[in-house]
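These protein sequence lines map, in sequence, to chains F and L.
Per this note's numbering, the very first residue in the first sequence carries number 1; after that it's consecutive.
Per this note's numbering, the very first residue in the second sequence carries number 1; after that it's consecutive.
Hints in this document: simulated from the structure, not taken from any laboratory.
Because the structure is a prediction, the values reported are computed rather than measured.
Where a beta carbon is used, it is the ideal one built from N, C-alpha and C, also for glycine.
Be a bit skeptical, because a hint or two may be false.
[What the hints assert, rightly or not] Which bits of chain L does chain F cover? Going by a derived footprint, with three or more residues having C-beta under 8 angstroms, they are:
1. 47 to 57
2. 110 to 116
3. 231 to 245
4. 441 to 452
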Amino acid sequence: MFSNNLLYEIKLLTRSKWLLILLVSIAMLFAFATFNGKKNVDKRLNDITVVKKELQKRDSVLVETLKVFEAGKKPDMPYWQKPNEPMTVGYQYPRLAIMKPQELSFLATGQSDMYTHFKSPKVYGNNFALDYSEMVNPVQLLFGNFDLAFVIIYILPLLIITFTYNILSKEKELGTLKLLGAQPIAIMSWLLQKLAIRYVIITLLTWIIVLLTMLLFSVNALAQVTNLIGLFLIIAAYVLFWFVAAFIVNVKINNSSKNALALIGVWLLLVMVIPATINQIGSALYPTPSRLKMINEIRLIKKENEEKQNEIMNDYLRTHPELAQNNDEQRFGFWHNYFASEKVMEEKTKPLLNDYDIQLKKQQHLISTFKYISPAILMQQALNNISGTSEKHYNDYKKQVFEFSVRWRNYLVPMLFKNEKFTLEDYSSMPQFNYENRIKNEVWFNFIALTLISLLLFFVLGSKHLKDKSAKNLFL
Amino acid sequence: MKNIVLKELKELIRDGRFKIASIILLVLLLIATVTGVNQYKKNTEQYSISKTKERNIWETQSEKNPHSAAHYGTYAFKPQFALSLFDYGVTQYTGSSIFLEAHNRNEASFSEASDQTSLARFGTLSINFVLIYLFPLIIILIGYNAYTKEFELKTFTLLKSQSVHPVKLALGKWLATFLPILLLTALVFITTGIILSNLQGVAFFSWMSLSVLFFTYTLYYAVITTLTVLISMWSKSSGVSLVSSLVIWVLFSFITPKIATNFANSNHPYPSKSEFASRIAEDKQKGLDGHNPWSKAAKQLEIETLKEYGVDSISQLPFNYAGYRMQKGEEFEAQVYDKHYSILNDIAVNQNQTYKNLSFISPFVPIRFLSMDIANTSNNLHWKFTQAAEAYRLEKQKFLNYDIKDNMKVGERGYTMGADKFKKLPKFKFTPPLLSEILSENRQNILFIALWLVLPFIGLIMTSKKI
Chain F
1 MFSNNLLYEI
11 KLLTRSKWLL
21 ILLVSIAMLF
31 AFATFNGKKN
41 VDKRLNDITV
51 VKKELQKRDS
61 VLVETLKVFE
71 AGKKPDMPYW
81 QKPNEPMTVG
91 YQYPRLAIMK
101 PQELSFLATG
111 QSDMYTHFKS
121 PKVYGNNFAL
131 DYSEMVNPVQ
141 LLFGNFDLAF
151 VIIYILPLLI
161 ITFTYNILSK
171 EKELGTLKLL
181 GAQPIAIMSW
191 LLQKLAIRYV
201 IITLLTWIIV
211 LLTMLLFSVN
221 ALAQVTNLIG
231 LFLIIAAYVL
241 FWFVAAFIVN
251 VKINNSSKNA
261 LALIGVWLLL
271 VMVIPATINQ
281 IGSALYPTPS
291 RLKMINEIRL
301 IKKENEEKQN
311 EIMNDYLRTH
321 PELAQNNDEQ
331 RFGFWHNYFA
341 SEKVMEEKTK
351 PLLNDYDIQL
361 KKQQHLISTF
371 KYISPAILMQ
381 QALNNISGTS
391 EKHYNDYKKQ
401 VFEFSVRWRN
411 YLVPMLFKNE
421 KFTLEDYSSM
431 PQFNYENRIK
441 NEVWFNFIAL
451 TLISLLLFFV
461 LGSKHLKDKS
471 AKNLFL
Chain L
1 MKNIVLKELK
11 ELIRDGRFKI
21 ASIILLVLLL
31 IATVTGVNQY
41 KKNTEQYSIS
51 KTKERNIWET
61 QSEKNPHSAA
71 HYGTYAFKPQ
81 FALSLFDYGV
91 TQYTGSSIFL
101 EAHNRNEASF
111 SEASDQTSLA
121 RFGTLSINFV
131 LIYLFPLIII
141 LIGYNAYTKE
151 FELKTFTLLK
161 SQSVHPVKLA
171 LGKWLATFLP
181 ILLLTALVFI
191 TTGIILSNLQ
201 GVAFFSWMSL
211 SVLFFTYTLY
221 YAVITTLTVL
231 ISMWSKSSGV
241 SLVSSLVIWV
251 LFSFITPKIA
261 TNFANSNHPY
271 PSKSEFASRI
281 AEDKQKGLDG
291 HNPWSKAAKQ
301 LEIETLKEYG
311 VDSISQLPFN
321 YAGYRMQKGE
331 EFEAQVYDKH
341 YSILNDIAVN
351 QNQTYKNLSF
361 ISPFVPIRFL
371 SMDIANTSNN
381 LHWKFTQAAE
391 AYRLEKQKFL
401 NYDIKDNMKV
411 GERGYTMGAD
421 KFKKLPKFKF
431 TPPLLSEILS
441 ENRQNILFIA
451 LWLVLPFIGL
461 IMTSKKI
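Build the full structure now, drawing on both the sequences and the hints.
This is how it looks when you write it as structure tokens:
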């Protein structure tokens with residue numbers, strides 16, 4: 001009977017224009033979204049190339065001048081520009097800490113439109129409170145990008161709904177349901193088979209189109225086998241969820257236009273209303289700690305410690321360390337005091353910032369526990385994770401930059417206090433930043449969660465109908 | 001016609017779906033309002049606390065050299081505007097505090113969105129969220145079968161045989177779809193108005209702005225009503241009508257704005273922050289640095305100043321030259337910043353223009369922009385705020401540099417400025433643009449909305465005669 005059903009289904013689909021419309025719309029939407037995503041990644045790479053070039057330009061000046069110094073000449077330049085001074089190198093020639101995009105970054109813009117992907121921590125200054133926001137038109141952040149994540153999370157369910165909403169009700173409305181009842185197959189098995197066939201068709205179509213668009217726009221992504229498998233599985237689970245929803249609506253309501261309305265309602269609820277409501281209620285119940293308050297507190301600490309700092313070092317020089325004395329002996333004392341006075345401030349403000357961070361993490365953690373309420377949220381997180389554009393990735397990048405800034409300081413400051421000059425040899429042994437994606441890819445976990453939710457819904461809400469083999473109530 | 005409207009409304013009231021949908025929306029509105037008011041209160045309170053505290057910190061700072069005080073700096077805080085309760089606009093994505101210091105023009109820092117998880121990118125439930133995304137769906141729910149049900153129940157021929165005027169029938173159906181939503185919207189706006197006029201410490205609330213907002217949204221609903229009824233006329237079955245209306249809704253509110261984002265990005269890309277900073281640094285190097293008396297520009301200034309006052313050396317000048325040079329340096333740097341920030345703003349304006357140009361595909365876009373602008377939560381408003389903060393920063397720099405210029409003796413070391421003088425620095429004030437200004441800036445948006453209102457309506461009248 002299954003083969004009959006399959007054959008009939010395939011005939012039906014090939015003869016109706018639905019499959020074609022579906023195919024064309026999925027293909028176009030996916031291609032356009034992939035193209036856009038790729039473009040965004042290209043811009044990011046392009047920005048990275050620009051800053052890298054700039055660094056190279058500055059570095060070549062640095063190397064040239066160092067060569068002049070090592071040849072024993074004394075070029076005429078103020079102390080704060082001499083590149084053989086470790087502090088000058090540390091401040092004027094900082095290294096670049098670049099966060100390269102992942103191969104699959106084009107999938108989901110995630111938070112990548114808000115944050116910068118390169119930072120140059122300097123030898124002095126507040127490296128634990130750097131600003132990572134990128135220049136961006138806030139209107140763009142408000143409306144968001146047309147990327148694959150959007151197509152998969154928002155549009156794909158709508159396509160599934162148009163493909164499934166009247167699978168059973170149509171038979172009833174055409175009067176063929178009774179005929180079906182006379183066949184040697186239980187209506188329920190027939191319905192499940194039909195849904196399963198359509199499920200396989202949509203999932204396979206989506207997979208193939210994803211593969212094809214990648215082939216077209218981003219060949220390198222195809223090498224990411226584990227990530228791709230993860231992506232395919234999570235898509236399959238998400239599609240499954242919507243098929244389960246369609247099944248339940250079909251057997252519970254069983255009237256085409258009401259089915260459509262109910263499914264659209266579910267879509268609205270899960271994709272728009274619940275996320276927005278959770279977001280609003282979540283931030284009302286667990287507000288992010290106020291930044292304005294933090295600013296006040298830091299300013300107060302600064303004010304209170306000003307005198308302590310003044311005892312160590314004059315405030316004028318503190319704000320302009322590059323104007324320090326030219327004289328070697330005084331300089332030594334100057335930097336010693338400078339770091340001491342900075343330390344006073346750092347020791348006081350760091351706990352405050354840390355507290356703030358802990359509070360923020362707690363808040364974010366609380367909010368993220370709500371993700372199980374809507375598969376759309378689960379899906380968004382999974383896609384951001386695969387793309388390396390989630391907030392976790394950016395938080396970790398910040399951490400890596402800070403760790404690097406400590407390395408940078410620890411590399412140069414000892415030179416200063418040993419009164420060593422910065423040489424060409426030092427140039428080649430400078431610490432380099434290498435971004436490492438340290439965030440665990442939880443896509444398997446999301447996949448299992450999403451599948452479990454779907455199965456749970458299927459058995460809990462559909463159990464009554466599954467047991468009812470004769471499907472009497474469907475004829476009503 | 002009255003009968004048509006009454007009959008449709010009666011049917012609607014008896015329809016359970018409309019009731020359920022309205023109740024859900026009202027619950028959502030209630031959640032949005034309660035949490036919104038709560039946040040609004042908290043933010044307003046924090047704003048006034050921060051403002052007072054910061055001013056106090058400035059006034060009671062320890063005695064110091066005026067230039068050190070300039071580095072010590074102060075903050076400009078963006079006030080919470082009354083209608084931000086209604087429409088959050090881009091406030092989530094722009095910071096609300098700017099650090100004002102010597103030599104540097106800083107960006108507003110700490111946007112709320114950068115502290116939130118990516119969940120925030122789904123949008124936030126606000127009154128405006130319900131009104132702009134969900135209310136149109138109610139219209140579709142009411143109107144998708146306005147005509148198709150008559151076709152399906154074969155009552156359309158009956159109607160025709162009773163010599164009902166087709167235009168009257170169309171207008172009746174239109175009104176019956178529009179009136180319920182008008183009523184709901186009026187209810188929402190009146191409640192919002194009452195809440196806002198009873199909240200304490202509300203800044204810049206006007207019933208006039210709220211009324212214009214109300215009018216704007218009703219125009220949008222009128223557009224959606226026309227389209228829904230028109231689609232219902234064209235469709236063969238209710239199902240097709242519903243799906244087509246929903247496709248239009250998705251196209252209006254999601255697909256067009258998002259596609260516009262990608263167009264805007266590729267046609268008018270923003271520089272990265274570091275690129276922007278290095279362009280500024282490059283330009284700054286070409287001119288006067290208030291700290292560096294040896295540069296070419298500094299020597300030039302010296303010659304010019306001496307000439308102007310007809311003296312041979314700076315010690316003969318009637319004021320302290322160091323303060324004067326510092327101020328000139330600041331002014332030069334401000335020009336550099338102004339140039340680059342204007343370029344940046346031009347890019348933003350061009351990007352927003354890209355969105356607005358797509359208004360012919362989606363009336364959602366002009367409504368969204370107009371709503372943000374009237375609510376004072378737009379990018380435009382944020383730009384005005386940053387400009388005001390920069391003007392204030394320059395005023396502050398001048399105040400401090402001129403203190404050096406006028407009061408510090410030449411060559412004096414250890415000159416300081418005390419609390420009595422710090423107090424004299426005027427406070428930062430920011431007033432939002434007038435409603436008339438906002439509306440005249442939004443002429444294009446208003447024009448597009450008008451076109452959307454008129455053209456489909458003509459289509460509706462014409463089609464009604466043909467079927």
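Numbers of the earlier hints that this structure fails to satisfy, in rising order: Hint 4 contradicted; others consistent.
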